[in-house]
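Undergrad: Sequence:
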Amino acid sequence: MGSLAFESQTLSSETMAIDREEDIVHVRKRARMLAQARGFDAFACAALTTAASELARNVWVHGGGGQATLEELSDGNRFGIRMVFRDQGPGIADLERALQGGYSTARSLGLGLSGTRRLVEDFAIDTRPGEGTRVTITKWTRF
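With this note's numbering applied, the sequence shown closes on residue 146, and no number is skipped along the way.
No wet-lab data here; the hints were simulated from the structure. Check each hint, because a few of them may be wrong.
Said to hold, decoys possible - List time: in silico EDC-like cross-link candidates among lysine to aspartate or glutamate, alpha-carbon distance up to 16 angstroms: (1) LYS32 with ASP97; (2) LYS32 with GLU75; (3) LYS32 with GLU17.
Unchecked claim - Pairwise CB distance ranges (calculated): (4) PHE46 with GLU99: 17 to 23 angstroms; (5) GLU17 with ALA127: 32 to 38 angstroms; (6) GLU24 with ALA49: 17 to 23 angstroms; (7) GLU134 with PHE46: 31 to 37 angstroms; (8) GLN39 with ASP97: 35 to 41 angstroms; (9) PRO132 with PHE46: 20 to 26 angstroms; (10) GLU134 with ASP44: 34 to 40 angstroms; (11) GLY67 with ASP125: 22 to 28 angstroms; (12) ASP97 with GLU24: 21 to 27 angstroms; (13) ASP129 with GLN39: 36 to 42 angstroms.
For every residue, glycine included, the Cβ atom is placed at its ideal position computed from N, Cα and C.
All chains should be built: construct the whole structure from the sequences, respecting the hints.
TA: Put into structure tokens, the structure is as follows:
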């Protein structure tokens, strides 16, 4: 069975600094506002808001700060929100283990990455020890 693939167009883009703990809340609120404005249902809004919060917290706690870029997308049939979280921290030494869940270097439940991956349609991560981490997620409205 083939998948439907549409080329997406970026409608808007904004980058937010994650330099203080309070910035996590700002990223979370902006993600929720964009999702609501684009007609995401209540579950999708909650999923996107949770994902934004988790990833922004990872940037702050593990990466020592960084930035989040939030983009509104359209493929002509539906809207999407893509978020890119970047830091210049130590990177993730054992990515496979981190993606399994239950593993944390910060005394948390270790569900941030694995939980986020389950909340969105598209999830990509690029990390290199000593060079930082970049996580890109996308969530789409339903057809």
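Undergrad: Now look at each hint and say whether the structure bears it out.
TA: Now the hints, each set against the structure:
no.: 1; hint: LYS32 with ASP97; in the structure: 31 angstroms, violated
no.: 2; hint: LYS32 with GLU75; in the structure: 15 angstroms, holds
no.: 3; hint: LYS32 with GLU17; in the structure: 14 angstroms, holds
no.: 4; hint: PHE46 with GLU99: 17 to 23 angstroms; in the structure: 29 angstroms, violated
no.: 5; hint: GLU17 with ALA127: 32 to 38 angstroms; in the structure: 20 angstroms, violated
no.: 6; hint: GLU24 with ALA49: 17 to 23 angstroms; in the structure: 22 angstroms, holds
no.: 7; hint: GLU134 with PHE46: 31 to 37 angstroms; in the structure: 35 angstroms, holds
no.: 8; hint: GLN39 with ASP97: 35 to 41 angstroms; in the structure: 37 angstroms, holds
no.: 9; hint: PRO132 with PHE46: 20 to 26 angstroms; in the structure: 36 angstroms, violated
no.: 10; hint: GLU134 with ASP44: 34 to 40 angstroms; in the structure: 38 angstroms, holds
no.: 11; hint: GLY67 with ASP125: 22 to 28 angstroms; in the structure: 26 angstroms, holds
no.: 12; hint: ASP97 with GLU24: 21 to 27 angstroms; in the structure: 26 angstroms, holds
no.: 13; hint: ASP129 with GLN39: 36 to 42 angstroms; in the structure: 29 angstroms, violated
Of the numbered hints listed earlier, those contradicted by the structure are 1, 4, 5, 9 and 13.
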